[in-house]
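Q: Residue-level listing of the chains:
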Amino acid sequence: AAGVIQSPRHLIKEKRETATLKCYPIPRHDTVYWYQQGPGQDPQFLISFYEKMQSDKGSIPDRFSAQQFSDYHSELNMSSLELGDSALYFCASSRTGAGRTEAFFGQGTRLTVV
Amino acid sequence: QQPVQSPQAVILREGEDAVINCSSSKALYSVHWYRQKHGEAPVFLMILLKGGEQKGHEKISASFNEKKQQSSLYLTASQLSYSGTYFCGTERHGGSQGNLIFGKGTKLSVKP
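Same order as they appear, the protein sequences are chains A and B.
Basically the numbering used here = 1-based index in the first sequence + 1.
Basically the numbering used here = 1-based index in the second sequence + 649.
Nothing false has been slipped in among the hints.
Derived pair list, reagent style DSS-like, types lysine-lysine, alpha-carbon separation capped at 30 Å:
(1) A/K58 to A/K23
(2) A/K23 to B/K686
(3) A/K58 to B/K686
(4) B/K753 to A/K53
For each label pair, taking beta carbons as the anchor points, the in silico distance ranges come out as:
(5) B/S758 to A/I13: 28 to 34 Å
(6) A/L84 to B/K708: 40 to 46 Å
(7) A/S80 to B/Q651: 24 to 30 Å
(8) A/Q68 to B/S712: 34 to 40 Å
(9) A/Q55 to B/Q651: 18 to 24 Å
(10) A/Q42 to B/S710: 23 to 29 Å
(11) B/Q728 to A/D63: 40 to 46 Å
(12) A/N78 to B/A658: 32 to 38 Å
(13) B/S730 to A/Q42: 19 to 25 Å
(14) A/N78 to B/Q657: 32 to 38 Å
(15) A/K58 to B/K686: 25 to 31 Å
(16) B/Q651 to A/H11: 24 to 30 Å
Hints in this document: simulated from the structure, not taken from any laboratory.
Think of the CB as a built atom: it goes at the ideal place given N, C-alpha and C, for glycine as much as any other residue.
Using the sequences and the hints given, assemble the complete structure.
A: Structure follows, in structure tokens:
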């Protein structure tokens, strides 16, 4: 079965650079979530999209932006990177439809800022 | 509002049972349970949608008390493979779609 695909799996950037993380949800899933997880921390909700519109916003810095495209894939754009942005970034997708359904996670993108 | 999980950590011997609790100060629409192994993605275990609902998954089951805004995850006859960090994720009643907030997690270690 198809799963959530994230790319790249690993990314190393320098301070003040920009990064773009991509997420391809499971086919027919209409909701995408982005989470940031620091070492030993719980996943922190950043932002979500439902049917290509932003549906909710969590602790996402102003330096970050995201969007969901017509094919439902999503991109998280991160600018002016800081050392503290180093973390595992997960994307998850779900098919909201008539009711809540479970969210399936991608394998994550490990971002290291040096 | 982040749900509160307890305990923060549990150490078990194979075959022992454990209960992980998740509570919220806000009314909940649903509770999701996930298990995450180090460096890997959280893996979905189950979702509970109705007050008083109980679900089972192998030897892992859960309950959801909508009135108390609490959910509990029950692990019976634990196996080594159960080791990992368990997260509950909650959606607020009437909250917007796509808002799944996780607790800080409960680290479960199962020893031989």
